[in-house]
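Peer 1: Each protein sequence line maps, in turn, to chains A and B. Numbering-wise, the numbering used here puts 67 at position 67 of the first sequence, and it's gapless, one number per residue. Numbering-wise, the numbering used here puts 62 at position 62 of the second sequence, and it's gapless, one number per residue.
Keep in mind the hints are simulated off the structure, nothing from the lab. Check before you lean on any hint, since a few could be wrong.
[Claimed, not checked] Straight-line alpha carbon distances no greater than 20 Å define the calculated SDA-like cross-link-like pairs of lysine to any residue that follow:
1) A/Lys87 x B/Arg95
2) A/Lys87 x B/Ala14
3) A/Lys221 x A/Val234
4) A/Lys262 x A/Ser249
Remember, predicted model here, so these are calculated numbers, not experimental data.
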Amino acid sequence: MIVAVASGKGGTGKTTVAVNLALSIENVQFLDCDVEEPNAHLLLHPKVSRREPVYIPVPVVNEQLCDYCGKCSEFCEYNAIFVSSNKILIFPELCHSCGGCAIVCPKKAISEEQHKIGTLNFGSSGDVELVYGELEVGEPLAVPVIKAVKTQMKPDGNVVLDSPPGTSCPVIETVKGSDYCVLVTEPTPFGLHDLKITVEVLENMGIPFGVVANRAGIGDKKVYEYCREKDIPVLLEIPYQRDIAEFYSRGVPFSLEIPEWKEKFRTLFERIKESVGK
Amino acid sequence: MRICVTAAGNSLDAPVEPRFGRCPYFIFVDSETMAFEAVPNMAMGAMGGAGIQAAQLIASRGARVLITGNVGPNAFQALAAAGVRIVVGAYGTVREVVERYKRGELRETGAPTVGGHYGMGAGMGRGWRRRYPPPPPY
């Protein structure tokens, strides 16, 4: 079963929930898809056994063939090509690798070369297999790196996907194809605001989901009222509690230290399994 | 000579717009006759690469000089490749800055004056501004 852990708002506890969930179930692979700032490894402390670069194709121009007609620049939706009367410039960090420039070039002057935009890290921590992607500094395109992380997914067994925050392309790419999505929120007006947006996205994508309320006890009751109205299951509440926060700040998943939580996460997993019929 | 000025409006009396890639209008002025043409900036709302698209427009319309407030690194590189001379830190109306340029009162820049995404408004939060010094005093 593939379970994605997402949230609209950042800093609600996605990684905390995803890591503790993964540590509480068997036969599990953990994919950290928050490639802009992966952090599951800070809690899982894996031994990284190998790294693999992630490339995307970007155009390269043979200036011997180019007659500076400008068709490539006109075509490029992302303004990644500039053509003057005797020069052509490529801005690889703006390129989305569609390959269109090479197709429209009448002189066949454009080919593609590989441009490194990230790294995949492979490791393991206890029984959890971990893959996490890292986007290169200065590279704006997270989606190809997330795709690369997801190609490492094992076909059988359980997979936990740690999503980036928000509801933009990187989140869509992460949760796409999941059997279930756990939405981590906090019971505050900010938490509720962003939760609503994420719920809309998931409804649109047709992915079943439930809510985990983290730092329960702060804020107000509006998140619970909203879930009741929309008939969204609140799967788990993690209280705003000093010992949990302390384990977190020391980089220790709290379910390893407080055994009852391991049980709660296992129950959460069983409940999800039942609801999707797997 | 054809001069391009970034402007907030579509006439010679419009104020100079300090942002290059995301200015509302480009005013192309013939420095001898002061005849002008106002071109709305299609790149104003571009997701990215607004400066490059704007530079493409200016180069294709044959302007030799650009007068604006600030240029970012990508736009600077593109304009330099097209041999467009760049004057930054301009203020006043389009007419005024063209007159000042003709009298030799405006200085050309040899470097970008702001970081990328400068003209996108609030919410940068990436420390871009700190990478480049503020525009030179004018």
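Peer 1: Hints first: check each against the structure and report whether it holds.
Peer 2: Quick rundown of the hints versus the structure:
no. : hint                : result
1   : A/Lys87 x B/Arg95   : 31 Å, violated
2   : A/Lys87 x B/Ala14   : 33 Å, violated
3   : A/Lys221 x A/Val234 : 13 Å, holds
4   : A/Lys262 x A/Ser249 : 19 Å, holds
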